[in-house]
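Protein sequences, first through last, are from chains A and B. With the first letter of the first sequence counted as 1, position 307 gets the number 347 in the numbering used here; the numbers rise by one all the way through. With the first letter of the second sequence counted as 1, position 104 gets the number 114 in the numbering used here; the numbers rise by one all the way through.
Since the hints were made in silico from the structure, they are not lab data. Don't take every hint at face value.
Claimed, not checked - Far from chain B, some chain A residues (derived; all Cβ distances over 12 Å):
| # | residue |
| --- | --- |
| 1 | D158 |
| 2 | F187 |
| 3 | E607 |
What the hints assert, rightly or not - Cβ pair distances, simulated, as ranges:
| # | chain 1 | residue 1 | chain 2 | residue 2 | range |
| --- | --- | --- | --- | --- | --- |
| 4 | B | T32 | A | I636 | 46 to 52 Å |
| 5 | B | I49 | A | L647 | 21 to 27 Å |
| 6 | B | N105 | A | I636 | 38 to 44 Å |
| 7 | A | V668 | B | I49 | 24 to 30 Å |
To be verified - According to the in silico footprint, chain A covers these stretches of chain B (three or more CB under 8 Å from chain A):
| # | segment |
| --- | --- |
| 8 | 41-48 |
| 9 | 101-115 |
Beta carbons: idealized from backbone N, C-alpha and C, even for Gly.
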Amino acid sequence: MVGSIPNMNLAVLVPALPLLGFLITGLAYKRLKHNQAGIIASIAVGLSFLISVALFFMLRNSGQNSATVTLFNWIALGNMNIPFAFLIDHLSLTMMLIITGVGTLIHIYSIGYMHGDDRVNSFFAQMNLFTFSMLLLVMGANYLVLFIGWEGVGLCSYLLIGFWFKNPAYNYAARKAFVMNRIGDVGFILGIILLFYTFKSVSFSEIFTQAATLQVGAPVITLITLLLLVGAVGKSAQIPLYTWLPDAMAGPTPVSALIHAATMVTAGIYMIARSSILYNLAPITLNVIIVIGMATATFAAIIGLKQNDIKKVLAYSTVSQLGYMFLALGLGAYSTGVFHVTTHAFFKALLFLGAGSVIHAMGGEQDIRKMGGLRKKMPITYITFLAATLAISGIPPFSGFFSKDMILSKALEHNILLYILALGTALITCFYMFRLLYLVFFGEQRMSGAHPHESPKVMTVPLMILSVLSVFGGFLNIPSLFGGNLSFSNYLDSAVVSKSSEEIGHTTEIGMIFLSVVLLVVIIYWAYQTYVRKAQIPSGDEVKQTPLQRIITNKFYINEIYQTAFEKPFGLLSNFLFKKVESIILGPAVDEVGTITSKLGDLTRKLQRGNISFYLFAMVAGILLFVVFILTN
Amino acid sequence: MQDITSAIQIIPLEHYVFLCVTLFSIGLLGVLFRRNTIIILMCIELMFNSVNLLVAAFSAYHSDPAGQVFVFFIMIVAAAEVAVGLSILVMMKRNVDSVDINLLNRLKW
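Given only the sequences and the hints, what does the whole structure look like? Please build it.
The structure is reproduced here in structure tokens:
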């Protein structure tokens with residue numbers, strides 16, 4: 041496994057540069073003027089991207105599949121030896137390129153978006169810290185380094201969601217994200233402990249070598265994979281731990297693009313793809329993943345239909361797309377899942393940045409009912425947003441089509457019911473995305489007071505680059521039907537072990553694509569009729585709705601259910617413990633210990649009279665007592 | 011070297027032990043019952059040296075020079091300790107104009 045490729049130690053610089061950027065912008069945040077912090081942070085991530093590209097070519101030219109770069113021996117206790125090492129292989133390189141590439145664009149965009157904020161320097165420091173943690177997460181050569189990155193991104197997510205901390209609601213959202221992630225992390229760390237207990241190692245290469253000797257469906261491996269899955273469910277916002285992600289939209293929009301769409305939320309998918317060998321041994325867990333992924337995809341898409349906040353729509357869409365990725369993982373098509381991570385990173389980052397551009401132009405307004413007609417005012421944002429909408433809807437030949445089509449065909453191979461659900465979700469996705477597009481960019485202007493304008497170049501250029509990626513990103517992985525050779529999936533195959541399954545025939549595939557394209561066009565036309573021709577505007581909260589509509593508008597009351605089922609009982613229990621246990625039993629008990637100690641002190645301090653002769657006498661008497669004691673025993 | 015060792019061994023070991031115990035007890039009693047700080051310091055020296063003598067005697071009887079090396083270390087430490095002790099004594103004389111140890115009773119709560 042260990043390759044000796046010259047200059048591979050360059051990999052250390054990839055996370056080191058954002059760390060350096062964080063230290064510079066973080067320590068000197070009071071002195072940096074104007075855009076300095078943004079420029080430093082962008083350069084740090086940009087250089088990381090260039091180095092990642094260099095590493096990509098170095099690994100390809102070396103003819104090896106992976107290389108390990110060990111920094112130092114981190115924990116050495118008896119037989120346990122955990123090095124602080126990076127694993128550079130095809131999977132981690134893919135993730136590194138996404139994180140640093142999309143990250144650079146978002147950093148540059150943020151220079152424009154955050155311009156004029158008083159804490160802009162802290163913002164860039166935290167963004168760089170996030171990039172560093174995320175790189176640690178994907179580059180770590182063992183589960184412990186991965187875990188550091190895992191916790192680091194959780195912290196940065198918390199900090200950046202609550203970036204505008206003067207608003208209590210935003211603080212609440214940040215806290216909610218943190219607590220929800222904690223629940224997942226407990227499972228994750230238990231999984232790592234069980235891994236260590238079983239394999240006596242946390243390093244990927246050793247665990248995967250040893251796992252080959254285990255039986256398929258062994259109870260211990262099922263338990264490990266389920267525990268790791270709990271962590272992934274928390275981080276990647278799946279049912280039942282997804283409610284934090286829509287609330288996380290409280291953070292600045294570039295944060296939503298970078299952390300809550302393109303990178304951090306895909307950490308769970310990365311981790312499962314990385315552990316593909318373990319998951320292949322646990323068919324039960326894979327079925328659980330299929331159920332969770334499919335349920336989340338459909339459920340979140342339905343909620344997305346009735347949202348009126350531009351960022352909330354995108355947030356539910358992210359949850360739904362993450363569900364798709366989980367579905368791919370559950371079907372054993374890990375490389376397909378990672379491919380969807382890649383295309384999703386392009387078009388969802390673009391959607392969020394486009395939404396940010398709109399919000400910026402509208403002076404902070406996020407309600408799509410108060411927008412409309414922005415097509416003429418913001419042509420660049422409109423075109424790029426349209427490209428991303430077509431990509432996420434899965435219209436050929438945009439990038440989302442290829443990744444979504446591959447997931448759909450995998451679902452069809454597995455089970456016709458899954459295929460129908462997945463296709464239905466894709467159609468719902470298409471509808472709410474075009475609803476969003478039409479309401480924001482078409483029709484009459486419904487805003488009052490605001491004078492929308494196109495965003496500055498520093499914001500539109502990243503949009504343009506991302507739109508090129510969203511349009512052409514799918515060509516990385518052209519299926520054999522179109523004369524391609526699935527180069528992206530094949531590239532990943534050295535790092536993840538996908539389950540082989542029967543390929544569906546080309547005729548079926550053509551029929552499938554034809555069916556979905558026809559249905560998508562119908563849906564787009566329907567949305568056009570509803571929101572452009574008839575110019576329907578989603579009604580306000582005061583208008584009466586049918587019960588089903590009301591349930592969807594209120595997001596199936598999941599937040600309320602969680603509040604009644606978990607928050608309230610917990611609050612009551614805490615209150616009871618505070619009033620009955622803390623104030624009546626524990627508090628006085630602790631006080632009593634203090635009182636007794638000080639009373640004893642009052643008694644014994646009389647011995648300390650300051651008389652040296654007495655001290656000497658006591659000392660000699662003590663020594664004599666000891667001698668007598670030792671001699672008599 | 012061998013001559014010295016054999017010369018020491020002319021006197022039986024018990025005699026060294028008795029002598030040292032006597033010297034140590036005299037020193038200890040002096041420390042406990044005298045009030046003059048100078049005399050207390052001298053008695054401490056007496057205890058030190060009785061132990062030194064015992065170590066040297068045992069060392070000679072065991073033909074192990076390590077003990078005698080120890081004696082030199084103890085002497086050096088004792089010299090340093092006396093330097094500190096005497097300077098405290100000088101300060102005491104200046105402050106309370108006496109060397110009576112019972113006057114130093116301010117080291118209390």
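Outcome of the hint check:
1. Separation of A:D158 from chain B is adequate, the least Cβ-Cβ distance of about 55 Å exceeding the 12 Å criterion.
2. Interface exclusion of A:F187 from chain B stands, the closest Cβ pair being 52 Å apart, more than 12 Å.
3. The Cβ of A:E607 lies farther than 12 Å from every Cβ of chain B, with a closest approach of about 53 Å, so its non-interface assignment holds.
4. Between B:T32 and A:I636, the C-beta spacing of about 48 Å keeps the proposed range 46 to 52 Å intact.
5. The hinted window of 21 to 27 Å between B:I49 and A:L647 holds, with their beta carbons roughly 26 Å apart.
6. For B:N105 and A:I636, the hinted distance range of 38 to 44 Å is satisfied, since their beta carbons lie about 39 Å from each other.
7. Distance hint check: the CB atoms of A:V668 and B:I49 are about 28 Å apart, consistent with the given range 24 to 30 Å.
8. Coverage of the segment 41-48 of chain B by chain A holds. Counting CB-CB distances below 8 Å, 3 residues qualify, and the rule asks for three or more.
9. Chain A is given as covering the segment 101-115 of chain B, and this holds because 4 residues of the stretch bring a CB closer than 8 Å to a CB of that chain, at least three being needed.
In this structure, every one of the numbered hints holds.
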